[in-house]
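Residue strings, one per chain:
Protein chains: 2
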Amino acid sequence: MAAIQEQEGNGVNVGQLFDTIEQIKQNPDLARFQFRARNKWVAGTRNRVTVQDFYGALMEDSSRVPMEFDIDEPPVLCGKNLGANPVEYLLAALSGCLTTSIVAHAAARGIVIRGIQSRYEGDIDLRGFLGISEEVPVGYQEIRMFFTIDADLSGDEKRELIEMGKKYSPVYNTIRNPTAVRVELDAGTA
Amino acid sequence: MAAIQEQEGNGVNVGQLFDTIEQIKQNPDLARFQFRARNKWVAGTRNRVTVQDFYGALMEDSSRVPMEFDIDEPPVLCGKNLGANPVEYLLAALSGCLTTSIVAHAAARGIVIRGIQSRYEGDIDLRGFLGISEEVPVGYQEIRMFFTIDADLSGDEKRELIEMGKKYSPVYNTIRNPTAVRVELDAGTA
Numbered sequence: 004m005a006a007i008q009e010q011e012g013n014g015v016n017v018g019q020l021f022d023t024i025e026q027i028k029q030n031p032d033l034a035r036f037q038f039r040a041r042n043k044w045v046a047g048t049r050n051r052v053t054v055q056d057f058y059g060a061l062m063e064d065s066s067r068v069p070m071e072f073d074i075d076e077p078p079v080l081c082g083k084n085l086g087a088n089p090v091e092y093l094l095a096a097l098s099g100c101l102t103t104s105i106v107a108h109a110a111a112r113g114i115v116i117r118g119i120q121s122r123y124e125g126d127i128d129l130r131g132f133l134g135i136s137e138e139v140p141v142g143y144q145e146i147r148m149f150f151t152i153d154a155d156l157s158g159d160e161k162r163e164l165i166e167m168g169k170k171y172s173p174v175y176n177t178i179r180n181p182t183a184v185r186v187e188l189d190a191g192t193a
Numbered sequence: 004m005a006a007i008q009e010q011e012g013n014g015v016n017v018g019q020l021f022d023t024i025e026q027i028k029q030n031p032d033l034a035r036f037q038f039r040a041r042n043k044w045v046a047g048t049r050n051r052v053t054v055q056d057f058y059g060a061l062m063e064d065s066s067r068v069p070m071e072f073d074i075d076e077p078p079v080l081c082g083k084n085l086g087a088n089p090v091e092y093l094l095a096a097l098s099g100c101l102t103t104s105i106v107a108h109a110a111a112r113g114i115v116i117r118g119i120q121s122r123y124e125g126d127i128d129l130r131g132f133l134g135i136s137e138e139v140p141v142g143y144q145e146i147r148m149f150f151t152i153d154a155d156l157s158g159d160e161k162r163e164l165i166e167m168g169k170k171y172s173p174v175y176n177t178i179r180n181p182t183a184v185r186v187e188l189d190a191g192t193a
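Residue numbers (our numbering), protein chains in the order written: chain B, 4 to 193; chain X, 4 to 193.
Just chain B, with the same shape it has in the complex (with noise of 0.2 Å):
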């Protein structure tokens, strides 16, 4: 997409990043992505998640080498801790989308950061998924992120960071607003 160079920003190609929206803008359709996963069951509350290919860029990326991810539940909620639960993946990926958010917008602004930690807390009450009370909401009632970033900034100019992470973070803006998800059979099967 962007010939490569080694100007690099917190470990960014901010060259790369550059050159990418400058052809972006020249051609919309290059920001064109779709991101896929595929899940099998195993068994009781445990599945298994691949992760390989994706389209970008005008083309398809099936390059990478499949990756995979165990799920289950620990056995207070009748799994068997063979896997993190899928409200743990959600936090991981809301992790990972703040935190490279942060970095990136950092970087194409010249500044330096030398550490991002962050923890995340989410509540549930899971009488809304046991069917038990409707009044309770089934999802996350808050999640929490607490972050300790390594710069030298004050502590406003590290909380504008922060901001600037949730106003460009996709993962944020799926869980923040209410995001449009459709559901079928898949062709032969019904």
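Wrong hints could be hidden among the right ones.
Now the in silico label distances, taken between C-beta atoms and shown as ranges [as the list claims (entries may be wrong)]: (1) B:G158 x X:P69: 27 to 33 Å; (2) X:E25 x B:M62: 50 to 56 Å; (3) X:P69 x B:R117: 23 to 29 Å.
Think of the hints as simulated: they come from the structure by calculation, not from any bench.
Positions of the beta carbon are idealized from the N, C-alpha and C atoms, including for glycine.
Dock chain X against the given chain B, drawing on the hints supplied.
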């Protein structure tokens, strides 16, 4: 939380599930869970998530071995393919949650499922993330899910199962509805 019984449906311990529901009806605080994740930035678009402890059923659980997840981007997005990316982890979370919700609620109703496979597609326009356009959503524009269910059920009955999964899936409902996400700097780091 519940005496382990051997009555299994779809690999779900239905006896434990029903015991849990009865206990929660007596004491709703048993249903309050808090899940957690920690993230450490590595470099560029690469970071690492750790999932281990959680709170639920009135106690802290740190008995699990820490589970680590590498997050990165493909080269076209300035990464080195050292892990799935955050929006792919989001699809993984969604897939695991829908699958478990369908399997558990089917088991509770005595519906036998032999297999479930599903695939997920999410459309995203990276002009949002890159700050090129304020008009396109930053998050997923749409997520589509396609299910293949192996069970002695009609197409309509399979669609009903999927609707049940959507109704009770915490990740689906976190994505489908606006969810509160609060953020702050960790104490002492401002």
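Tell me the hint numbers this structure goes against, listed in increasing order. none
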